[in-house]
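*Asks:* Here is how the chains run, residue by residue.
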Amino acid sequence: MLKVKNEGVVNDIAKTTYKANKKRNLLTIFAVFLTTFLIAVIFAVGISYWNIVTERNIRIQGMKYDIELPEPRDDQIEKIKEMDNVKYAGILVKCAIVEKYKDILLDKTRLYWADETCFKNQALPAMEYLRGSYPKKENEIMFSIKTLKDMGIEKPEIGMKLPVSYFTLEQTSDDEDIIEKEFILCGWYLEYSGNNRGYISKDFYKTTGVKPTDLTQGSLKITLKSPLFFEKDLIKMQKDIGIDSNQLIEGDTDIIINFLKMAAGLIFMLIMVFTSGYLFIYNIFYISVTKDIRYYGQLKTVGMTSVQLKRMVYKQAVWNSLAGIPTGLCLAFVVIKTIVARILIIVSLGYIEMPVNNIIVLKLWIFILAGGFAFLTSIISCKKPADIAGECSPVEAMRYIGTLKNIKRHKIGNGSLYTMAFRNMFRDKKQAVVIFISFTISVSIFLVVNVVIRANDSKYILNEVSNCDIDILNETTLDDDREQILTDEKISEIKKITSVESVRKVTSAKTVVPYDEDVYGDYYKELYKTRYYAGQSYEDDMELYKQDPAHGFFTPRFIGIDDYGFEMLNKSLGDVLDKESFDNGEIAVAIKFFTEGDSGMTGKITHFYLPEGLEPDKEYCIKIAAVGDGQMNPAHFAGGTTPDLVVSEKYAKKLLGETFTERICINYKESYSEETEEEVKSVFSGEKRISIDSKLESYNLMKGAEMQIKILGGSIGLIMAVLALLNYFNMMAAGVQNRSREFATLESIGMTVKQIKKMLRLEGIGYAVISVIASMVIGLPLSYIVFTNTTRYLIKFSIPWINNLFLFTVIIVLCMTVPVIIYKKTQDTSIIERLKCNEN
Amino acid sequence: MDILITEDLKKYYEMGEVTVKALDGIDLKVEKGEFLAIVGTSGSGKSTLLHMLGGLDIPTSGKVIVDGKDISKMTKDELAIFRRRKTGFVFQNYNLLPLMSIYENIVLPIKLDGINPDEMYIEQIIKILGLKGKEAMMPGQLSGGQQQRAALARALASKPAIVLADEPTGNLDSRTSLDVLGLIKTAGEKFGQTIVMITHNDEIAQMAGRIIRIEDGKICRGGDTNVKGKE
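Residue numbers (this note's numbering), protein chains in the order written: chain B, 1 to 840; chain W, 841 to 1071.
Read the hints as simulated data drawn from the structure, not as lab findings. For clarity, every value in this text was computed on a predicted model and none was experimentally measured. Misleading hints may appear alongside valid ones.
In silico DSS-like cross-links for lysine-lysine, where the CA-CA straight-line distance does not exceed 30 Å [unchecked claim]:
no.	chain 1	residue 1	chain 2	residue 2
1	B	Lys825	W	Lys913
2	W	Lys999	B	Lys758
3	B	Lys758	W	Lys909
4	B	Lys363	B	Lys120
5	W	Lys999	B	Lys754
6	W	Lys974	B	Lys836
Cβ-Cβ distance ranges computed for the label pairs, FRET-style [said to hold, decoys possible]:
no.	chain 1	residue 1	chain 2	residue 2	range
7	W	Ile905	B	Leu718	53 to 59 Å
8	B	Lys836	W	Gly908	27 to 33 Å
9	W	Ile905	B	Lys384	50 to 56 Å
10	W	Thr900	B	Asp12	42 to 48 Å
11	B	Asp12	W	Val858	34 to 40 Å
12	W	Glu1043	B	Lys384	48 to 54 Å
Sample of chain B residues at the chain W side, in silico, Cβ under 10 Å [claimed, not checked]:
no.	residue
13	Ser416
14	Arg423
15	Asn424
16	Ala744
17	Ser748
18	Gly750
19	Met751
20	Lys754
21	Ile831
22	Glu833
23	Leu835
Cβ coordinates follow ideal geometry from the N, Cα and C atoms, glycine included.
Start from the sequences, fold in the hints, and give me the full structure.
*Replies:* Now the structure itself:
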């Protein structure tokens, strides 16, 4: 058989058909454009976000590693270096602290020695840049830019002389041994850890006498071959190297879970976008092909083959893609580079400074993948319409009546407008399904977006997590020479401020609880099974406890709370406490950490001493009425491993005489009031031994991120909604036009325009209500999952009903009005014209 | 008594620069209970006249008075209610609603008026028109003749004063055509309804009580109510 060269003719017909359908093609191009844009943005955001989390950890640590082992022994270092899953293991030792440069006092400027592996493979990747080289000679030193700036050196130079005062961290030395030394600057670097630090040579490190095994000074930084690891991997590593009692391999054990969560979120979003785009493009082509089916039939009668017809439909899809994909990618590029970058920085990094280029992934493959996905969506969407066009016989094409051919006998209805509307909704089941799916997807996304916005709503978060407007903490609480800074006079002064509503205080003191197997036995056994005590000997420690209950390792805090504090604690415990008994000192609440449940402590009597009390040698006893965890601790500072005891302030005063105020929590009459805050802060002006946690300050930090999330989330939701709504408009427009003859018939037998509009409105409401119900069934559980997995604060999930109801109302109103508007615009000719127009 | 009167009824269409006179001064009177056939060649204006009589189209000028009311001055919704209560239409293409059963199609004009159908009467129509047992079927499941009978049943269901039939047998074979026409005539006589029918088939027109012929938008024969039977 000879091959006929008809490619040109098919091309010409395809072009003519394409030109004749300008409106349809513009809509399709718009859909391809939005789909491409969304896929590219979602890809880039997902991957950039992951990069940010990783990068942030590197920046905060000032080093690139996955896990670390503190105070490593030589044998442990060797074993770890030989492990199959370890890529690098570098040693870092903190050996000295510089106090002064010339006459400038410095804020804890630590000097580190890093071995070659640590510096090259772990420290260097966390630096933005490095000038000079790592110290080699004993008097050479390298500082971070921040440290040099603190020293007043704006333009550092290699070879500069730096006279400093420092003390070593050698365990036998004390703070008094200040050494004066002139270092030579051999390099500097920019990093973002926010800490003041410098590196010194191996020779200098040796002179300090500090060893890697010294408590808190030495550390083995480990980079794994695969950065994804489970907690069990760390436990196994600990066992393999035989850790000491004070050692614990530290690492983010949630990394795999977080990675999977991010991947699942990304995949879910892509599926949603893909489906939305598919439904939209499919729908446009489906409507267009079924509308033009007679035209295709005519083409067939003049000899066009099925393959040629299909090719013609696909060609149009390709042309649409060629127009939509590049524009979508261009917009995505601009949006990612500008808006997304800013949002990610604010959301993920907070105060940590980081150049945009380091975070945002603008790799070519992302754009190729996004374009490929969008192209695939476009082509797959056309398959069914192309099949219809290609496989319909010429005669069938001339008689093609779409989906009405399959209507079977059904129960006789009451003929009301409601019944008519209901039947019309499902007259084309495919159309109904497309409407429901596209609406359900976009509304579900909106529900999720609403919840994500709620999860990041600054005021909502702050109101949930902080129970006061400003929290002032005495930082000297645990010091030997602690000082009563939050005095009753200061508290009275605060109370005098008219815009202050309440001031409550939390007092604390050291207490000694003798070893008591009956009360604490189960708790300690559980505690020593946790990862945090993996290297410690339960038997040895308990023996120590029995012999020396006053050992700092065991001594808990004795916390006094006022009436308001009681109310809050009792509420979080589930109202199990009797106020009178609590006030009288008959009952206390035990606060423990790391273990689950109450370990059988509830209801038992515990004994304790108060070394700072009126009778230091007297043994007191109190019943533990409830056990709470760290979240419920009214105090800021915790004591040793034995659970802290929370009692009433009255009782604490009775035993201690004067109590020591650890923190005060202040509520304003008007939350977030800047004036009140200023007045409160002025009471402690110049006081450096306190720390302040202000709701207003947190709000100011968080509101930028909140706004950006609203914009990003809202935009994604809006784009999906635009796709769904356009889908709906498009389908209703086609539906109303296809039913033109039916409307004319209805009018001819006496249906008023008002009744027709009512019927159309009912159809719209039906679509909207079913979509909203489906979205609630899918979207609400989904939003719960997203909320619980994304919230960074311990806030409760709640449905943002106002936003959601607003959304539902908008959908219902649009669904109701659109068909009526389309009807008004398209059915404005006389009944007869419409009847004739649709006669075959 | 004249149930239907037209006075100088005109319908002009603008086709570019040309004015097409579809109806050009029709004066017609139809008595109650009369069976009138309108004949004419294609494009003569007979369908336009029928549409004017049924309030489906608005005249350029002149009057259409049905049961003493001038429908040419009615609003769209008034016209819809007029059609629902006073007229019954039978189209050549049946125009049954595809999503409704035969029964639902028949009673729809009554339901649209917010009243319950007279079941005895509907039952009677269904029986006369041979649709018994077909009530729950969908239009697409019936033959052309059955669909046209269903359309006729719908036209009669609301007991309209006038039944307007536009080429009711146009899509039917000759045997079915005669059946349907017989039924129209019988039903009209039985229920005392006025029937106005368009046809281009002279044989079918002969079944009417009076025939008028239209040419170029004007009645050329039979406009006078005294001319009975053949033209």
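*Asks:* Now, for every hint given, state plainly whether the structure supports it.
*Replies:* These are the hints, each one checked on the structure:
1. B:Lys825 / W:Lys913: Satisfied, since the Cα-Cα distance of roughly 24 Å is no more than 30 Å.
2. W:Lys999 / B:Lys758: Holds, at about 26 Å.
3. B:Lys758 / W:Lys909: Distance of about 28 Å is within 30 Å: holds.
4. B:Lys363 / B:Lys120: holds (26 Å)
5. W:Lys999 / B:Lys754: holds (23 Å)
6. W:Lys974 / B:Lys836: holds (28 Å)
7. W:Ile905 / B:Leu718: 53 to 59 Å: holds (57 Å)
8. B:Lys836 / W:Gly908: 27 to 33 Å: holds (31 Å)
9. W:Ile905 / B:Lys384: 50 to 56 Å: With a Cβ separation near 55 Å, W:Ile905 and B:Lys384 satisfy 50 to 56 Å, so the hint holds.
10. W:Thr900 / B:Asp12: 42 to 48 Å: holds (45 Å)
11. B:Asp12 / W:Val858: 34 to 40 Å: At roughly 36 Å between Cβ atoms, W:Val858 and B:Asp12 fall inside 34 to 40 Å, so the hint holds.
12. W:Glu1043 / B:Lys384: 48 to 54 Å: holds (50 Å)
13. Ser416: holds (7 Å)
14. Arg423: Holds - the Cβ of B:Arg423 comes within 10 Å of chain W, reaching about 5 Å at its closest.
15. Asn424: Because about 7 Å separates B:Asn424 from the closest Cβ in chain W, which is inside the 10 Å limit, the hint holds.
16. Ala744: Check passed: Cβ of B:Ala744 comes within 8 Å of chain W, closer than 10 Å.
17. Ser748: Cβ of B:Ser748 sits 5 Å from chain W, so the hint holds.
18. Gly750: holds (2 Å)
19. Met751: holds (5 Å)
20. Lys754: With a minimum Cβ separation of about 6 Å from chain W (threshold 10 Å), the hint on B:Lys754 holds.
21. Ile831: At about 5 Å, which falls below the 10 Å cut-off, the nearest Cβ of chain W leaves the hint on B:Ile831 intact, so it holds.
22. Glu833: holds (9 Å)
23. Leu835: holds (7 Å)
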